[in-house]
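K.L.:
Each chain is listed here by its residues.
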Amino acid sequence: MSFSKFLQSFSAKNNVFYGLFEQIAENIIQMNKLFIGVINSSDANFRKDEVKKIKDYEHQNDNLTHEVFIELGKNFITPFDREDIHALASALDDVADYIDSSSKKIVLYRLGELDNEIHKLAAINDEAVAEVKLAVYGLRNMKDTAKIRESCIKINGIENRADDIFEYGLVSILENEKEAAMIIKKKDLLQSMEIVTDKCEDVADVIESILVKYA
Amino acid sequence: MSFSKFLQSFSAKNNVFYGLFEQIAENIIQMNKLFIGVINSSDANFRKDEVKKIKDYEHQNDNLTHEVFIELGKNFITPFDREDIHALASALDDVADYIDSSSKKIVLYRLGELDNEIHKLAAINDEAVAEVKLAVYGLRNMKDTAKIRESCIKINGIENRADDIFEYGLVSILENEKEAAMIIKKKDLLQSMEIVTDKCEDVADVIESILVKYA
Amino acid sequence: MSFSKFLQSFSAKNNVFYGLFEQIAENIIQMNKLFIGVINSSDANFRKDEVKKIKDYEHQNDNLTHEVFIELGKNFITPFDREDIHALASALDDVADYIDSSSKKIVLYRLGELDNEIHKLAAINDEAVAEVKLAVYGLRNMKDTAKIRESCIKINGIENRADDIFEYGLVSILENEKEAAMIIKKKDLLQSMEIVTDKCEDVADVIESILVKYA
Chain E
1 MSFSKFLQSF SAKNNVFYGL FEQIAENIIQ MNKLFIGVIN SSDANFRKDE
51 VKKIKDYEHQ NDNLTHEVFI ELGKNFITPF DREDIHALAS ALDDVADYID
101 SSSKKIVLYR LGELDNEIHK LAAINDEAVA EVKLAVYGLR NMKDTAKIRE
151 SCIKINGIEN RADDIFEYGL VSILENEKEA AMIIKKKDLL QSMEIVTDKC
201 EDVADVIESI LVKYA
Chain V
1 MSFSKFLQSF SAKNNVFYGL FEQIAENIIQ MNKLFIGVIN SSDANFRKDE
51 VKKIKDYEHQ NDNLTHEVFI ELGKNFITPF DREDIHALAS ALDDVADYID
101 SSSKKIVLYR LGELDNEIHK LAAINDEAVA EVKLAVYGLR NMKDTAKIRE
151 SCIKINGIEN RADDIFEYGL VSILENEKEA AMIIKKKDLL QSMEIVTDKC
201 EDVADVIESI LVKYA
Chain P
1 MSFSKFLQSF SAKNNVFYGL FEQIAENIIQ MNKLFIGVIN SSDANFRKDE
51 VKKIKDYEHQ NDNLTHEVFI ELGKNFITPF DREDIHALAS ALDDVADYID
101 SSSKKIVLYR LGELDNEIHK LAAINDEAVA EVKLAVYGLR NMKDTAKIRE
151 SCIKINGIEN RADDIFEYGL VSILENEKEA AMIIKKKDLL QSMEIVTDKC
201 EDVADVIESI LVKYA
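Residue numbers (the numbering used here), protein chains in the order written: chain E, 1 to 215; chain V, 1 to 215; chain P, 1 to 215.
Certain hints may be false.
Where chains are identical, the list cannot tell them apart; a pair therefore holds if satisfied intra-copy or between any two copies.
[As the list claims (entries may be wrong)] Each computed DSS-like pair below joins lysine-lysine, with the alpha-carbon atoms no more than 27 Å apart:
1. K55 / K104
2. K154 / K178
3. K74 / K147
4. K74 / K154
5. K154 / K143
6. K74 / K178
7. K187 / K52
8. K120 / K55
9. K104 / K52
Derived by calculation from the structure, the hints in this document are not laboratory data. A quick note: this is a predicted structure, and the numbers were derived from the prediction, not measured.
When you get a sec, could you build the whole thing from the sequences and use the hints?
P.N.:
Shown next as structure tokens:
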């Protein structure tokens, strides 16, 4: 880095990171809302349209994540550790990816009415992404770290509940479905949805590690 | 980090990391011993109880891993590179996770007598976690780096043998089982157990990279 | 690091990294060429021999990757950020791993004539690894960063096409195959091959992040 670039980086309003993360978190919220719409309808055309909207948000988040990495390359001074910014961006990107890919599977596999566990997991994912948003917004001024930490703890609890529903759903598929293709399709969707809370937990872990350093 | 915190961090007995890693490695040894007990019995109630004990160790290790990250946030001076401590904690955490999740599948899928390859993999995992423990204990005084390196090399060899058993077991399931659900259950367990040695290899890789820097 | 080691590291021709990455990229090209040979033949013995050759390259790359990490431990000054060198080596290693493991599955599962999508994915992977090689070679003198960036963008486009072929192939397997074991075998191969372009995309991402910092 040249000396002028170095100096310039000091004046950079590195708030840019907060704004990017907040926008990414907002988009994730919208994606899961659309996802719930998809599973509540069994109209194939409606589903297709909504899945396309989810994809659009996912593309937006890809671009925002890319911007985070560009800014990370340009800024010498960052609001928190570079490795934490990188890990946070990656974890949030993963959350969006798995909501997107779950929605795609529903259309791709032409699944009709969906099992009860799918509805339960979607609702649980909604709780998880809401807490992710709260925690991400808390980072900007770090005033109420107890509240951020609370969101992180809640996400851990939510993830445990998601695990239980996933297991119950998986066993039920394996016991009730007879056709190999259908077992595989349903297991695939269930797994993809369960990873959404796993990735929210990754977000919580990064944020907790930021809190430890800056509290 | 404030200046007083900075100074304080120098006096921190950063041995704390060694103790945490050693405890984590000990717990992993116990987990795989319990796992072998689970597969040697086909009594559903006994299995359930033992799987619960494995889960308890896994929770303990989660807490110990969490402590590693907390200490990493608090300590400015660490016994080896921060990224290596992070990677080592993550890899050990993964080893424990996959032993735990393998044991859970046995109960969840109500598997009866287990295939020969399951017994072979469990024995191989036992060898792997024993070498992991030796390598981790070697880090504290770094006196005999040749011995640490030897454990790392052994783990690589063990992982290759696990691969072969996994492949043999998988092909045998695909050729002999007819029912889709049973194929999926058995494949799932086999895969989860095979990942245990993969993760031990990750541990060995991190430790080797520590040796390169500090030898 | 001792002071003499520190001084010595300045004189280290850290070009060593370029050479290692270039050799790794060359080997990957050869691996995918051999892979295309494997899928174009259905002679079981020929396949077995060629898969062994792919494995040899994979071993070579493992050793080269290991050398990268050793050099990383020894050199204080590196041509680009240590974390980027680490990430680049890991991503290239993954590309090789998935070509190797895809080829292994063909022999292991005794698959006969392969589906059209397998041939399409192999051709797409060929495009991807060619761009990976171009991008990797561009790093040495960084003269034409626009051309490096172009390769990265192409890889992203290639990965999107691979996704589409993968999805089409997966749905076709799920709709046409009736036997559980065959569905699982074919899905497994398709997935493993699709991950090759995913990992090429990871390579492109790391290289783009290097460009941002050093352009």
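K.L.:
Are the hints correct? Go through all of them and say.
P.N.:
Results of checking the hints against the structure:
Taking the closest pair of Cα atoms, K55 and K104 come within 27 Å of each other only inside a single copy of the chain (9 Å); across copies the shortest separation is 34 Å, beyond that limit. Taking the shortest alpha-carbon separations for K154 and K178, neither the intra-copy value of 37 Å nor the inter-copy value of 43 Å comes in at or below 27 Å. In this homomeric assembly, K74 and K147 come within 27 Å of each other (Cα to Cα) only across copies, at 21 Å, whereas the closest approach inside a single copy is 31 Å. For the homomeric pair K74 and K154, the shortest alpha-carbon distance between copies (24 Å) is at most 27 Å, but the shortest distance inside one copy (35 Å) is not.
In this homomeric assembly, K154 and K143 come within 27 Å of each other (Cα to Cα) only inside a single copy, at 19 Å, whereas the closest approach across copies is 44 Å. In the homo-oligomer, the alpha carbons of K74 and K178 never lie at most 27 Å apart, since the shortest distance is 55 Å inside one protomer and 54 Å across protomers. Both within a single protomer and between protomers do K187 and K52 lie at most 27 Å apart by alpha-carbon distance, with minima of 23 Å and 25 Å respectively. When the C-alpha separation of K120 and K55 is checked against a cutoff of 27 Å, the pair qualifies both within a copy, at 22 Å, and between copies, at 25 Å.
With identical chains, the CA atoms of K104 and K52 are at most 27 Å apart within one copy only, with a shortest distance of 9 Å there and 36 Å across copies.
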